[in-house]
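Asks: Each chain, written out:
Number of protein chains: 6
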Amino acid sequence: MEIHSYDFALQNHINMLTVNQTFRKIRNMEIRGALDIAIVSANSLLGVVDSDARDTKNLVAKLNFSGKRLKSARPTAVSLPNAVDYILSLANKNRNLEINEFRKKVSSGIKKFIEEQNNAIERIAEIGSRLIENGDIILTHCNSDTVTMMLKHAWDNGKRIKVVCTETRPRYQGYITVRELSKHGIPTTLIIDSAVHYAMRELKVDKVLVGADAVSVSGDLINKVGTSQIALCAKELDIDFIVATESIKFSPRSIIGAVIEIEERNPREVVGSKKFRGVTILNPGFDVTDARYIDMIVTEYGVMPPQAVYSVLKEKFGWELVEK
Amino acid sequence: MEIHSYDFALQNHINMLTVNQTFRKIRNMEIRGALDIAIVSANSLLGVVDSDARDTKNLVAKLNFSGKRLKSARPTAVSLPNAVDYILSLANKNRNLEINEFRKKVSSGIKKFIEEQNNAIERIAEIGSRLIENGDIILTHCNSDTVTMMLKHAWDNGKRIKVVCTETRPRYQGYITVRELSKHGIPTTLIIDSAVHYAMRELKVDKVLVGADAVSVSGDLINKVGTSQIALCAKELDIDFIVATESIKFSPRSIIGAVIEIEERNPREVVGSKKFRGVTILNPGFDVTDARYIDMIVTEYGVMPPQAVYSVLKEKFGWELVEK
Amino acid sequence: MEIHSYDFALQNHINMLTVNQTFRKIRNMEIRGALDIAIVSANSLLGVVDSDARDTKNLVAKLNFSGKRLKSARPTAVSLPNAVDYILSLANKNRNLEINEFRKKVSSGIKKFIEEQNNAIERIAEIGSRLIENGDIILTHCNSDTVTMMLKHAWDNGKRIKVVCTETRPRYQGYITVRELSKHGIPTTLIIDSAVHYAMRELKVDKVLVGADAVSVSGDLINKVGTSQIALCAKELDIDFIVATESIKFSPRSIIGAVIEIEERNPREVVGSKKFRGVTILNPGFDVTDARYIDMIVTEYGVMPPQAVYSVLKEKFGWELVEK
Amino acid sequence: MEIHSYDFALQNHINMLTVNQTFRKIRNMEIRGALDIAIVSANSLLGVVDSDARDTKNLVAKLNFSGKRLKSARPTAVSLPNAVDYILSLANKNRNLEINEFRKKVSSGIKKFIEEQNNAIERIAEIGSRLIENGDIILTHCNSDTVTMMLKHAWDNGKRIKVVCTETRPRYQGYITVRELSKHGIPTTLIIDSAVHYAMRELKVDKVLVGADAVSVSGDLINKVGTSQIALCAKELDIDFIVATESIKFSPRSIIGAVIEIEERNPREVVGSKKFRGVTILNPGFDVTDARYIDMIVTEYGVMPPQAVYSVLKEKFGWELVEK
Amino acid sequence: MEIHSYDFALQNHINMLTVNQTFRKIRNMEIRGALDIAIVSANSLLGVVDSDARDTKNLVAKLNFSGKRLKSARPTAVSLPNAVDYILSLANKNRNLEINEFRKKVSSGIKKFIEEQNNAIERIAEIGSRLIENGDIILTHCNSDTVTMMLKHAWDNGKRIKVVCTETRPRYQGYITVRELSKHGIPTTLIIDSAVHYAMRELKVDKVLVGADAVSVSGDLINKVGTSQIALCAKELDIDFIVATESIKFSPRSIIGAVIEIEERNPREVVGSKKFRGVTILNPGFDVTDARYIDMIVTEYGVMPPQAVYSVLKEKFGWELVEK
Amino acid sequence: MEIHSYDFALQNHINMLTVNQTFRKIRNMEIRGALDIAIVSANSLLGVVDSDARDTKNLVAKLNFSGKRLKSARPTAVSLPNAVDYILSLANKNRNLEINEFRKKVSSGIKKFIEEQNNAIERIAEIGSRLIENGDIILTHCNSDTVTMMLKHAWDNGKRIKVVCTETRPRYQGYITVRELSKHGIPTTLIIDSAVHYAMRELKVDKVLVGADAVSVSGDLINKVGTSQIALCAKELDIDFIVATESIKFSPRSIIGAVIEIEERNPREVVGSKKFRGVTILNPGFDVTDARYIDMIVTEYGVMPPQAVYSVLKEKFGWELVEK
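Chains as they are written, first to last, in our numbering: chain A, 1273 to 1596; chain B, 1273 to 1596; chain C, 1273 to 1596; chain D, 1273 to 1596; chain E, 1273 to 1596; chain F, 1273 to 1596.
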């Protein structure tokens, strides 16, 4: 069906990357998307599983070492430790197997993990599209793969929706969204970021759909700056606020108290080459939307309230509270 | 002291305008600011007062006719009927005076009205600056004369404040604000419109200060689009939301149920010459901020809660519920 | 235009009623509507003004005596003391006039008052209909003259609205509303009282319009039981909640702390002749909607926020804080 | 102890029903209650377990086929797929057992499931009654077995409570509740649906107790229309809002995004044979109460917050995300 | 009836005080209560009216000079400028009268003003007591004359109320309240300041009644520290929050933007002689309760919503926006 | 590192206590802290494991008997049944082991449990300190080991924080907190309990940190009286409200509907020996903070939203719904 925006060409290429190559590409941001990072890292560890080793113990040690190195490439990423720790936990659980048994079992586990990640967006689109009703007016912000897939899926299932997109200053990712959906046949409206509240009332918006950069254990959403004020508007007007995200973006480190840092980006994104003598330009990339403004999170594991993130993190990633 | 941004050069020129000239300049939007419209109209009626007339009755008739014509130049403006009706009411109250007495009394009333309008912004700045405390972090949106005057007045009185300005898409009036304040020595920070909620929390904003395009009888504020979502953010964080406006912008027609229309402006303001096939572009100029989000309105008559607009309209403009 | 539901036939008849007859008819509830009570009482005092008297002082004494008697007919009514006190205040202000002068002045004042009351509903309909926009979905409760007039007026002005009416248990006054509007050509939907919240969301209701039995000085609304929970639903969904009422229903006695009592009505209205052994049946006629849930009140004096009731009471009824 | 309202006579009869008979009775609504549907379906699958089969594989295939057929009888029911999927999951987990072992294990599992369902209401009553304090004033809506059992259980444990029941238009199920409780000795008050907010304040209601038709994965409650506005009133007055329901009513399909449809019922329920020319009558059977208005859900597994529904669905029904 | 706590003995004495004596006693805080300050100041100006003067012009000048001096005694007091400005405005309005006429008119005006102040508390008690219903549980904070008078008045009128008093750290003024009411026969409960929320729920408090130190033009209340968090608790539980205060405490200077300063008091009030090395002790005397938490203000002019303070200040004190 | 306030000397002594001795010391409140009770009880059951017994069955019976006795010592404690049931569940799961195997396995399980409890506070401090940011202003109430450990841990990690402590009437535990933190070098401010709202605004408090006496299954917090109104203030100002507590304080009995009773303590704590004739003194020890006011709970298992308490209780304590 739909080709989702995750880059398959890149993936084929990176299937062959070693741990060191992967480490470098993540560190210098050649590989950036949360999903890409997870899959490439898993692939490079698959290479380690197939590498020479004296015995299982030795192989597990190599895996642990490689995993630790990978995780250090971008300490604040969310999908990176999730992917690595999932695999390390798999390896450590099977450390008593004979080496060939071990290779077979762990290889197959990693492949299943990669496949699940590959399928996650489509799965989310399928589940999430059921939440969309014929005639819905839906507002979105920025450009999110999960959201656009979900909207196109709903449209393909005959739901005649309309979509309102913010332009999403400073980088205008809303232009991508509006063009992608429009090309798919979906009626779209483009607004400036300041017109969200006006448009919600005037156009009688039914739902807000956004993606995620990360979700904390208490269900707070980290997403493109502007999301949190859209959520406030939605709450005031009792409009459903729905997050669509792969569970790989749930942050396990937030369980141990890690605060997700908000990146402040280059002021040039905001003002280009214009001169503003003595003026500070503050350009945060993201903001935090409190869990109480979120009605549902749609993941590949289904729909859940934001407060269920804790359970998912515990169940799905077998996260152990080991802190270094 | 401060030169406020109202255009004195224009004013001198227009002192000589007849009612017909004024009518045309307002209709074709050569004269646009709420304050300019009020003063120019009053001036042109002053001309009528001094014109030939058989007797007082005849002069009052001429004034009524001229006023009606002026009001028809821009039926949705707020300051226009306010100014004209104020003067007509003055004339009608004195209709029993002998013509010279009448001319003297009404002329002097009109001049006082004009002077009050001229002084209004400075008066607002003086009053409003007292609400600002040393060390305050203040956020503003768009570019408002009353707000910038107030901030500069506070700064001149030794209050070391910082000001956060939104860029105010699509026309970037925030650039004007940030440059004007910065030039005055006030430390400023520029943000995109989507970063309001983030900046309020991160920079610990103390107050929001905005101007007004109009204020309805129930205290609802019509101002630059984006204002209403800033007000929601301020309420969530319990930040004072203060409106600074000349009372000439209070809408008497809202007493008789008139709904203030929100102008939808040219999509080109938003996307320039970029092509978006099949995409609707919605570009509202203003939005409505509900009275319950407004803590105070600062006018030349002092500070008041938004619910007092009804009283001011009744008291100050001697508004009679005449609807045609 | 529209014949409003105030009973002209009754009025003609009662023009001839003496104070004593009026007193009895109000006490035994032959005359009940707030407007009827006000007009009939004013008419009977008009009779007193024309009656024999030694001098003005004597006539004022008769008026004061008659007024006091009338007010005692239904101590909890709101329009009764409003009407009587308005007239007594008129009389007392003119007590120094010679008797014929006095008769002329006070008669004309009373007639003007009656005329204003007669015109109030139409005036409210005219003003309020401007608040209604083409395409609006409007929900109403019970059966209110001001509301139905306003809706029909809006319809007649070409606004294509739809109206949702609650059945309004236990006496099903919603049936009257739905039939009256439907007959006028307005598309209507009937729902049970429990379906308000569902219908608001499902049908995307834009405004709630209700009448009033009384409004207190702090802007709280006393209206048909069920109104207050409709207001809660409207607030949650940010739907405008508008009250349409003659200002004669504003309660001056609430200024001096009088609490408006909620009448508990006959349980038979609820259960008819059905037997419920040992079950208490609670049948309140009205409930109280807090001012913070009310966006606007439309009166014959125009639109106002609920907090302006204090000003109106002070200004319009020249209410003196005389408590006995 | 208490005879709960679940129909044992019916159950004995249906113990003998085949899958086909069960299918028909569910489809034509002879069997309707959520609990009845679950138990009857389980019973009919018990018959399949005992039926002839070549081997375990064949028997599992028959069960899967029967289950699928049963589920198609009422696609929107909640307890039906819950019961069937629970049993199919049990069967599939044991598919490697020898056929007699399989029959023994699965039969006993189904019987335990049925017994648990049978005990659920009593268990809920026992747990929930502890939440009720001596002297409590409790408001309920419609007629719910779990709620009435809980109230009677509390009363039998010496808690002197009073209960306020809405009449619950259009079918007056409140009459059943009020009579049942009153007969049990509990002091009751009957009110119209519009008097909820009034009664809560006037009678100082302590808690609201309602049943459920379904509960979604995000903790939203689907229950008799009117419930959601009662929840709003309870929140405004900070009254605990408690749902008492068997976990069989938790909707697993909402995990995969299924929206629970609200049935619109026959207008005749509302207006009987009365004629309303040109009037639409909207008669929804249920409405949706958002999780944020619900303080606790009492199930046979204990008390939980609405956000825990996700965990229960995952844990208790071993729900696999198989979508057809 | 009741002797209110205003000190009559003091008043008699101070009747003879000159402006200079009054100035000193106010400045060194011998005279402190808002009401005392108002009355003493008015009395000393009465002395000026009776003093020698060449003519009216000279007398008005003396009054203006004296008034200015008096106001400088405590620039932050609220009742002081209110009283003085009221009298100066009276004098200036009559400046064209012949001197004896002037003395007669202004003297009588001042005496009426003093009498009104003297009667204000009783008047408030009378009005406010009507808001209290039989059986009410009322919570109060600190010790306020208007509140205790109102409660005793209600009790004397047969209303069987109960009163909950906070101890009011650090100076335990709640002890005075509880003893005064208890002595009057009213059942009282004493709680620590932290137990307000608990007591409101447990004892089912109906109303909160507090006094005022000042009320700003936007209806915000300045009162004993702790009041604002009591108001939050009351709002959460939908308990009426009522302020009882003489209108002399409304702050006219807040109209021109003056911010009411919160006095930070001696840390010894909090910790006595205990030593806390390196610990800062913050001891604010008052806090600010936002108008949106206040349901009603009871003054000698009747009940009003907090938003009506603007109107009262404009009407009652003839306040001119003279700022120096 | 830090010596936490749990009393090791006491612990060594009580290691030797028998079940009977432990029972008595808990009953007469010689042992009181939630953690102490848990550890001492576990220790005394360790003694039972090592005691003579015919066989495993006999030993399990002894353990069950001892556990039941211990739990009866303080039926309302939370950590007591948690600890005992954890151990009994361990014993019952291993009832089929041979007696020496059983002793070894269960002893080691109990020791691990004790060690975990011993480490819990430090673990919480470590996790929670990550939530604290450099420059934070933190408000706390009463004196909580977990909170003070967390604050000191953050300080030791170089976070320059300031802490605001309430004095915490009636027993002034805030004095302990302020002295302990101050001695550690942390800048502290002491306020009266009534000044919380004022201090939050004036000092721009960033976070509230409190401990817990118990947490119910729906995430409601039982803590020192005053906590719930601090939470209301924090919500109004959007300040994070964080609870730091060992999971042993989560109440499993609340799953089966048990309501946590609020102890009313001796009035003498409030008024000492002062006499208040006829005055009731209400002195609750604790109050209940609703889950919706709590942003996060920090436990030794990590950070979680209050709604996750249900999952933790189910997972960690293997709680079976056995009710006697």
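Please keep in mind that the hints were generated in silico from the structure rather than gathered at the bench. Do not take every clue at face value.
No more than 25 Å apart at the CA atoms, straight line, and that leaves these computed lysine-lysine pairs for BS3-like [as the list claims (entries may be wrong)]:
#  : chain 1 : residue 1 : chain 2 : residue 2
1  : D       : 1479      : C       : 1479
2  : F       : 1586      : B       : 1476
3  : C       : 1479      : B       : 1365
4  : F       : 1329      : E       : 1547
5  : E       : 1507      : B       : 1586
6  : A       : 1507      : B       : 1586
7  : B       : 1586      : C       : 1547
8  : D       : 1507      : E       : 1384
9  : E       : 1507      : B       : 1479
10 : E       : 1384      : C       : 1365
11 : C       : 1479      : B       : 1507
12 : E       : 1479      : A       : 1507
13 : E       : 1547      : D       : 1479
Asks: Now, for every hint given, state plainly whether the structure supports it.
Replies: Verification of the supplied hints:
no., hint, verdict
1, D:1479 / C:1479, "violated (31 Å)"
2, F:1586 / B:1476, "violated (40 Å)"
3, C:1479 / B:1365, "violated (40 Å)"
4, F:1329 / E:1547, "violated (61 Å)"
5, E:1507 / B:1586, "violated (32 Å)"
6, A:1507 / B:1586, "violated (36 Å)"
7, B:1586 / C:1547, "violated (57 Å)"
8, D:1507 / E:1384, "violated (49 Å)"
9, E:1507 / B:1479, "holds (24 Å)"
10, E:1384 / C:1365, "holds (21 Å)"
11, C:1479 / B:1507, "holds (24 Å)"
12, E:1479 / A:1507, "violated (30 Å)"
13, E:1547 / D:1479, "violated (48 Å)"
The structure fails hints 1, 2, 3, 4, 5, 6, 7, 8, 12, 13 (numbered hints given earlier, in ascending order).
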